[in-house]
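Since the structure of chain A is provided, determine the placement of chain B on it from the hints.
Protein chains in written order, with UniProt numbering: chain A, 1 to 295; chain B, 1 to 273.
Check before you lean on any hint, since a few could be wrong.
When the alpha-carbon atoms are kept at most 25 angstroms apart in a straight line, the in silico DMTMM-like pairs for lysine to aspartate or glutamate are as follows [as the list claims (entries may be wrong)]:
| id | chain 1 | residue 1 | chain 2 | residue 2 |
| --- | --- | --- | --- | --- |
| 1 | A | Lys157 | B | Glu167 |
| 2 | B | Lys53 | B | Glu66 |
| 3 | B | Lys11 | A | Asp192 |
| 4 | B | Lys6 | A | Asp192 |
| 5 | B | Lys53 | B | Asp234 |
| 6 | B | Lys102 | B | Asp61 |
| 7 | B | Lys53 | B | Asp40 |
| 8 | B | Lys102 | B | Asp46 |
Keep in mind the hints are simulated off the structure, nothing from the lab.
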Amino acid sequence: MTSPAFPARTSGRRFHFFFNRAWQALWVLPLPAWLLLFFAVPLGLLVAISFWSVVNYRLTPDATLSAWRYVLGLDFLWASFWRSYGLSMASAVAISLLAFPASYAMAFVAAPRQRLVLLGLAIAPFFTSYLVRIYSWQVFLTEGGVISSIVQALGGKGESLLNTYFALFLGHATLALPVVLILQTIALANVDRTGISAAANLGARPGAILFRVILPAARPGLTLGLLFAFLLSYAEFVSASYLGGGTFQTLPILVTDLVRAGQQWPRAAVVSLLMIASLLVTAFVTVLWAYREKG
Amino acid sequence: MPPHLKHALPKAFWIAGLALVFLLLYAPILSAVLFSFSADRFPSLDMSGFSAKWYAQVLTDRAMLEALWNSLTVAGITALIATTLGFAAAYADYRFRFFGQKAVLALALLPPTVPLVILGLAMLAFFSRIGIAGTLAAVVAAHVVIAAPFAMAVCRLRLAQLDKTLETAAQNLGALPHSALARIVLPHTLPAILAAFLITFAVSFDEYVISWFTGGLNQTIPVAVLTTLQGQVDPTIHVIGTLSFSVTLTLVLIALAVVLSQSGGAMSKEETS
Numbered sequence: 001m002t003s004p005a006f007p008a009r010t011s012g013r014r015f016h017f018f019f020n021r022a023w024q025a026l027w028v029l030p031l032p033a034w035l036l037l038f039f040a041v042p043l044g045l046l047v048a049i050s051f052w053s054v055v056n057y058r059l060t061p062d063a064t065l066s067a068w069r070y071v072l073g074l075d076f077l078w079a080s081f082w083r084s085y086g087l088s089m090a091s092a093v094a095i096s097l098l099a100f101p102a103s104y105a106m107a108f109v110a111a112p113r114q115r116l117v118l119l120g121l122a123i124a125p126f127f128t129s130y131l132v133r134i135y136s137w138q139v140f141l142t143e144g145g146v147i148s149s150i151v152q153a154l155g156g157k158g159e160s161l162l163n164t165y166f167a168l169f170l171g172h173a174t175l176a177l178p179v180v181l182i183l184q185t186i187a188l189a190n191v192d193r194t195g196i197s198a199a200a201n202l203g204a205r206p207g208a209i210l211f212r213v214i215l216p217a218a219r220p221g222l223t224l225g226l227l228f229a230f231l232l233s234y235a236e237f238v239s240a241s242y243l244g245g246g247t248f249q250t251l252p253i254l255v256t257d258l259v260r261a262g263q264q265w266p267r268a269a270v271v272s273l274l275m276i277a278s279l280l281v282t283a284f285v286t287v288l289w290a291y292r293e294k295g
Numbered sequence: 001m002p003p004h005l006k007h008a009l010p011k012a013f014w015i016a017g018l019a020l021v022f023l024l025l026y027a028p029i030l031s032a033v034l035f036s037f038s039a040d041r042f043p044s045l046d047m048s049g050f051s052a053k054w055y056a057q058v059l060t061d062r063a064m065l066e067a068l069w070n071s072l073t074v075a076g077i078t079a080l081i082a083t084t085l086g087f088a089a090a091y092a093d094y095r096f097r098f099f100g101q102k103a104v105l106a107l108a109l110l111p112p113t114v115p116l117v118i119l120g121l122a123m124l125a126f127f128s129r130i131g132i133a134g135t136l137a138a139v140v141a142a143h144v145v146i147a148a149p150f151a152m153a154v155c156r157l158r159l160a161q162l163d164k165t166l167e168t169a170a171q172n173l174g175a176l177p178h179s180a181l182a183r184i185v186l187p188h189t190l191p192a193i194l195a196a197f198l199i200t201f202a203v204s205f206d207e208y209v210i211s212w213f214t215g216g217l218n219q220t221i222p223v224a225v226l227t228t229l230q231g232q233v234d235p236t237i238h239v240i241g242t243l244s245f246s247v248t249l250t251l252v253l254i255a256l257a258v259v260l261s262q263s264g265g266a267m268s269k270e271e272t273s
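Next comes chain A alone, as it looks inside the complex (with noise of 0.2 angstroms):
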């Protein structure tokens, strides 16, 4: 209400109040204006094209559900999807068990400043490029490359190693290993240290100490990082292709073959959100483990 004995305050209050609000949009609206416009649609248009069919090579607009038919009927996707899924998942769990002792070296061997500084040198890989060091790999891997030269002169055979499971694996581990130790580091450096030394002075021996306390309690990040190494590894074509040699046919590549090669975007599109739904799914389940009370 109004009160007619003080109109000029109100309005001022009225001011302050609309200012207020207008200040707060500013601030607000731009990031959730632009991810909408320019990640949201996209994403809406994504699933909208997967009812759309393609008529003489033209993308038009229609409510079939033939893209879904056509995709989910495939045989050679659910290969696809199944060997994309498992490589993956056994390339988060590799990448996982390799990062571990760095992860647990930076938190509890090396002092908090040093743990500062090994982490920025090991994000910094991260943020370059990731093309240059998979070619570089290929100089590794290949006959005649680095590791087979190596191996050669050990007296062994030194075959190229390209178009393996563990190319395959050490692309994805270029990939994700920086993620993989950010996450476990700040997991195992936040873990009670009280607990811990209650613990020791319990009597509790070492190998009992990792397992029964800290392990438990840096479970979340630990499993989070296991998590977002499966995010990237499944999402990821560059190694796949490039050293893998097309032995790999994953999703990613599937996706980008559909639309590259025969513009049957409805179809990629399908195959694009089933691979979002098995990463949501994925997620989902590693999350509600990760937290999952105990007991």
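Only chain B this time, still in chain A's reference frame:
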């Protein structure tokens, strides 16, 4: 380190693990630098000599220089927009309570989890509909989507260290919201803003999937590398790699130095406890 923590395995085991990981991370970078100076066309350990001829070849290649110019333009504009939007979102989350706050945060953190191949595909479909596919503007619009979350995270972390009551106190003493922001919040957040700018620049400078989908004929450096990779062995990739490693590693290391110098105080608490 807790005084009672005896490691389950000898210290050397954990340090060896650390060394192995660093070897994996830096071996391809060092190899690219080494072979960029090789006189041979094919990279192998029995190098015949050193030469800068591949550098000369790259630096006189017009297509490559054009790609470099495209990369720098796209990364510069992306970093500017992404840092502005990221700071605004971080400040909004720090300063205000508003309807849908959690939804906004979730939306802002979502882009890095969606596979870039799929984002590229979706953005190409969208940009062709609105008629900007194949332009550098499209690449910038897309890069901001993937870079802004990094900027927001970096700024938000820094803002978390700022006492919230300072700004309210200033406003209670009569400062208008913008002057409280300019005199208290901005100076405090400046290192993070700088770090966010450098990191978003690096993210955009090295992104290839979305640029490949949406950039059309406007190639950036990573797209040029991707196209070259599809061909034969080409020693110039090592040169491009070395040059782009120097750019991004420098940016990221400066960003880290800025962030570390600011958080030094917080970390030293643990040292003394």
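For each hint, the structure was consulted:
1. For the given pair, A:Lys157 sits about 69 angstroms from B:Glu167 by alpha-carbon distance, which is inconsistent with the 25 angstroms threshold.
2. For the hint pairing B:Lys53 with B:Glu66, the CA-to-CA distance comes to about 20 angstroms; that is within 25 angstroms, so the pair holds.
3. Between B:Lys11 and A:Asp192 the CA atoms are separated by roughly 21 angstroms; this keeps the pair inside 25 angstroms, and the hint holds.
4. A C-alpha spacing of about 15 angstroms is found between B:Lys6 and A:Asp192, which places the hinted pair at or below 25 angstroms, so the restraint holds.
5. A C-alpha spacing of about 13 angstroms is found between B:Lys53 and B:Asp234, which places the hinted pair at or below 25 angstroms, so the restraint holds.
6. Taking the CA atoms of B:Lys102 and B:Asp61, the gap is near 49 angstroms; set against the 25 angstroms cutoff, the hint is violated.
7. A distance of roughly 10 angstroms separates the Cα atoms of B:Lys53 and B:Asp40; the hinted pair therefore holds under the 25 angstroms criterion.
8. Using a Cα cut-off of 25 angstroms, the hinted pair B:Lys102 and B:Asp46 is violated, with the two alpha carbons roughly 58 angstroms apart.
Of the numbered hints listed earlier, those contradicted by the structure are 1, 6, 8.
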